[in-house]
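Q: These protein sequence lines are chains A and B, in that order. Heads up: the first sequence begins at 1 in UniProt numbering, then just goes up one per residue. Heads up: the second sequence begins at 1 in UniProt numbering, then just goes up one per residue.
Quick caveat, the hints were computed from the structure, so don't treat them as lab data. Every residue gets a Cβ at the ideal spot worked out from N, C-alpha and C, and that includes glycine. Careful, some of the hints might be misleading.
Here are the in silico distance ranges between beta carbons for each label pair [stated by the list, open to error]: (1) A:Ala98 <-> B:Gly155: 40 to 50 Å; (2) B:Glu334 <-> A:Asp263: 20 to 30 Å; (3) B:Gly155 <-> A:Val95: 20 to 30 Å; (4) B:Pro180 <-> A:Ser114: 47 to 57 Å; (5) A:Ile215 <-> B:Gly155: 29 to 39 Å; (6) A:Leu23 <-> B:Glu337: 51 to 61 Å.
Derived coverage of chain B by chain A (criterion: at least 3 residues anywhere in the stretch with Cβ under 8 Å from a Cβ of chain A; other residues may be distant) [stated by the list, open to error]: (7) 128-134; (8) 182-194; (9) 205-214; (10) 228-237; (11) 303-316.
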Amino acid sequence: MPISSLNFRAAILSLTLLIVGLLIWEAAIPAQKAVGELTEYELLTGGGQPKAGVPPPSQVIAKAWEQLSDPFYDAGPNDKGIGIQIGYSIYRVLVGYALAAVIAIPLGFLIGMSPLAYKALNPFIQVLRPISPLAWMPLALFVIQDSEASAIFVIFICSIWPMLINTAFGVAGVREDWVNVARTHELNPLKTAFTVILPAAAPTILTGMRISIGIAWLVIVAAEMLVGGTGIGYYVWNEWNNLDLTSVIFSILMIGVVGMGLDAALGFVQRAVSYAE
Amino acid sequence: MTVKSLGNPYSSETDLRHGADCGCAGCVTSAVEKQGGPDLTTSEGMLERAVESAIVRSVFGQSDIGRRSFMGMMGGTTMAAALASVFPINEAKAAILDNLGPPEKTDLNIGFVPITCATPIIMAQPLGFYERYGLNAQVIKTAGWAVARDKSLNGEYDASHMLTPMPLAMTLGAGSIAEPYIMPAVENINGQAIVLSNEHLDKRDPTQWKGFTFGVPFEYSMHNFLLRYYVAEFGLDPDVDIQIRVVPPPEMVANLRAGNLDGYLSPDPFNQRAVFEGIGFIHLLTKEIWEGHPCCAFAAPLSFAQELPNTYGALLKSIIDATQYASAAENRKEISEAIAPTNYLNQPVTVIEQVLTGTYADGLGEVQRVPDRIDFDPFPWHSMGVWILTQMKRWGYIEGDVDYKAVAEQVYLAADCKKVMEDLGYEAPDVTYKSHTIMGKTFDYNEPEAYVDSFAIKKG
C-alpha cells in the first residue's frame with residue numbers, strides 16, 4: 001500500500017486522534033493521593049480507597065483485560081461474565097428481530113404492491129411507529145407475563161417498522177418497465193415477485209433491516225436495565241448500582257463494538273444484494 | 001457457623017432469649033462453644049434442637065433466668081433424662097418433622113432489590129439457610145420494586161422481597177391490579193436514614209427545607225410515609241412545600257451529586273454510600289422518627305401458600321431463621337462479607353459493614369455507634385399494618401372507608417410467623433397489636449380514623 005493512499009493516511013490520523021484523546025483523558029484525571037496513617041473516621045469514609053469518579057483510560061484498559069480474559073465465567077444468577085451477558089442480549093435481539101422480519105417483509109410486499117392495502121394500513125403504521133419501544137414494556141410485562149418474552153416483544157415491536165416501511169417503499173418503487181417486461185414474458189404474479197421485484201427491492205429492504213438492527217441493539221440495553229436479570233443492559237445497571245464507572249465505561253465500549261459488528265454484518269449482506277443499473 | 005438462638009437448652013451457660021446478649025467477645029464465645037446435642041448443620045438437627053428448646057422453655061414458663069439457674073443446679077443431662085421420662089420428646093420431634101413434609105417444589109426463585117433491607121433473603125443463600133430446609137432457592141437481583149411486583153404477579157418469582165406497604169396496596173388494588181398477597185414476615189426494622197447533600201450542612205432544621213427536592217424509592221414505601229410524616233411534623237406540607245420524587249435507590253447518590261436532589265430518605269447502603277463518596281451526610285436515622293419501624297418484608301401471592309403449603313412452610317422457616325440469625329450483632333460482620341459481592345449487593349464491604357454493625361461515619365466528621373441502626377425482626381405486627389394504612393389514607397393513596405384491621409389481618413400473617421418462630425424455638429408475642437410512638441405521638445390502633453383526622457397537615 002503506498003504511503004500516500006487515502007486509507008493509510010486516514011488510519012494514521014485516526015490512530016493519532018485516539019492516542020492524543022487517551023493521553024488528554026489520562027492527564028485530566030488526578031491521581032489518587034497516597035495516604036499515611038488513617039483515623040477511624042477516614043477509614044470508614046473510604047480513605048485510601050478509590051472513590052467513584054471518571055477513571056483514567058489505563059484503568060479501563062486493565063478492567064477490559066480482566067473481563068475479556070475470562071468472559072464466560074458464571075458465578076450464580078447475578079454475576080456472569082461479559083461474554084455470557086452479551087450472548088443473552090444478542091440472543092434476545094436476534095429472536096425479536098427474526099420474528100419482526102418474518103412478519104414485516106411479506107406485509108411490506110403486500111403494502112407495496114397493493115395501493116389499497118397501503119391506504120388501509122397506513123394510519124395504523126403511522127400511529128404505532130412513533131411509540132417508544134420502552135413504553136410497551138409495562139404493558140408487555142403485564143400481558144405476556146414473562147420478562148424474557150417481554151424483552152423479545154419489545155425488540156420485535158421496534159424492529160418491525162423500518163423493515164415494513166422500507167420494504168413497502170422498495171417494492172412500490174420498482175421500475176414500471178421491469179414489471180411490464182415480466183408481464184410480457186407472461187410470468188405469474190408469484191414468479192414476478194420473486195424473480196423481478198424482490199431482487200430489485202432488495203437493497204432498500206436491506207437498508208430497512210440495517211436500520212432495524214441498530215434500533216434493536218439500542219433498545220435491548222435500555223430494556224435490560226429496566227427489567228434486570230441478564231444481558232449487557234443489566235450488567236451496566238449492576239455496575240452503576242455500585243457506582244463503578246470503570247466497568248460502566250468498559251461495557252459502553254462493548255455495546256458499541258457489538259453494535260458495530262451487527263451493522264457490519266448487515267452491511268455485508270446489503271453489498272451482496274446491491275446491483276448497478 | 002454459630003446458631004446462637006438454637007443454643008443448647010440444657011445448658012446453664014446459654015441464653016435463649018432473642019437478642020439478649022450484648023455481642024461482646026464473652027457472649028459470642030459462650031454461644032459458640034456450648035453447642036451440643038443434635039447436629040445443627042442438618043435441618044433435622046435444627047428442628048430437633050428447636051423442639052427440645054421449645055419444650056424446655058415451656059416447662060420453665062419462658063423464664064430463661066429460671067431455666068439457667070435450674071440447669072446449673074441439676075446438670076443438663078439429668079434434666080434431659082427427667083424431662084424425657086414425663087414428656088414424649090422424641091415423638092414431638094418426629095411429629096414436627098413429619099408435619100412439615102417434603103416440599104412440593106424445591107427449585108424456587110426469590111426476587112430481591114439490592115439493598116441491606118433484604119439481608120435475610122440474600123444471606124440465606126450464601127449461608128445455606130435455604131438448603132437447611134431442603135430448598136434449592138435462587139435469589140434474583142431485581143431492578144426495582146415495580147418490576148419485583150410484576151414478576152411476582154406473573155409467577156416468575158415464587159416469593160419476593162417487598163416493601164411492607166406493598167402487599168397491602170396490592171391487596172387493595174392501589175397502584176396495581178388487586179391480587180391477594182400475604183406477608184408472613186417482616187425483614188428489617190429501622191435501617192433507613194435521611195441524607196442531605198453537603199451543600200445543606202447548615203440546614204439541619206427541617207423548617208428550612210421549603211423548596212427542597214427529596215427522593216424516595218417507591219410510592220408505597222415506608223420511606224415515603226416516614227419522610228412525609230417527618231416534614232409534616234415540622235409544619236411542611238409534603239405535597240406543596242417540598243417535592244418528593246420516586247428515584248431508584250442506585251441513582252440516589254448520583255442525583256445528589258448532580259444537585260438534582262437536595263436529599264433523600266432511602267434504604268441503605270445508599271445513605272452510607274453518599275457519605276463514603278463524600279457527597280452527603282446523614283441528617284438522621286429513621287429509628288429516631290419511629291424506633292422499631294418496619295421497612296421491608298418477605299411477601300408471596302396467597303396462591304403460593306395455598307398450593308404449595310410445605311414449600312411455603314420450609315421457605316418461611318428459612319427466612320425467619322435467617323432473620324433471627326441476622327439480628328444477632330455478632331453475626332453481622334460475617335453477613336456483611338457474605339452479601340457484599342457482585343452476585344448480591346455489589347458494594348464495598350466497608351460500606352455494608354458500617355450499615356450492619358452500626359459503627360459508621362456520619363459525614364459530619366463523627367464516628368457514630370448505633371448497634372441497632374438496622375435490626376431484623378420477622379414479626380408482622382397488625383398494628384404496623386394499620387399505621388401504614390392510616391398514612392395511605394392521610395396522603396390520599398386510598399379513599400373511602402377502610403376496614404383497617406381487617407386488611408392488616410388478611411395480609412400480615414402474624415399467626416404463621418408466630419407458629420414458625422415458636423417451632424424454631426424463638427419467642428413470639430402473644431398479641432398482634434401494640435401501640436407505637438412516632439416522634440412522641442402515640443398511635444392508638446383502635447382509633448385509626450381518629451388518628452388520621454388528628455393531623456393538621458393531610459390531603460383533602
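Q: Look at each hint and say if it fits the structure.
A: Going through the hints against the structure:
1. The given range of 40 to 50 Å is broken by Ala98 of chain A and Gly155 of chain B, whose C-beta atoms sit roughly 27 Å from each other.
2. Distance hint check for Glu334 of chain B and Asp263 of chain A: the Cβ-Cβ separation is about 49 Å, which falls outside the suggested range of 20 to 30 Å.
3. For the hinted restraint 20 to 30 Å between Gly155 of chain B and Val95 of chain A, the CB-CB distance of approximately 21 Å keeps it satisfied.
4. Checked against the hint of 47 to 57 Å, the pair Pro180 of chain B and Ser114 of chain A passes, with Cβ atoms roughly 51 Å apart.
5. One distance hint, 29 to 39 Å for the beta-carbon pair Ile215 of chain A and Gly155 of chain B, holds here, with the actual separation near 31 Å.
6. Evaluation of the 51 to 61 Å hint for Leu23 of chain A and Glu337 of chain B yields a failure: the beta carbon distance comes to about 39 Å.
7. Only residues whose C-beta sits within less than 8 Å of a C-beta in chain A count toward coverage, and the segment 128-134 of chain B has 0 of them, not enough to reach three; the restraint is violated.
8. For the segment 182-194 of chain B, the assignment as covered by chain A is violated, since 0 residues bring a beta-carbon within under 8 Å of that chain's beta-carbons and 3 are needed.
9. Note: the segment 205-214 of chain B has 0 residues with beta-carbon separation from chain A under 8 Å; the three-residue rule is not met and the coverage is violated.
10. With 0 residues carrying a beta carbon less than 8 Å from a beta carbon of chain A, the segment 228-237 of chain B misses the three-residue requirement, and the given coverage is violated.
11. A stretch counts as covered by a chain when three or more of its residues have a beta carbon under 8 Å from one of that chain; for the segment 303-316 of chain B and chain A the count is 0, and the coverage is violated.
Going down the numbered hints, you'll see the structure goes against 1, 2, 6, 7, 8, 9, 10 and 11, while the others check out.
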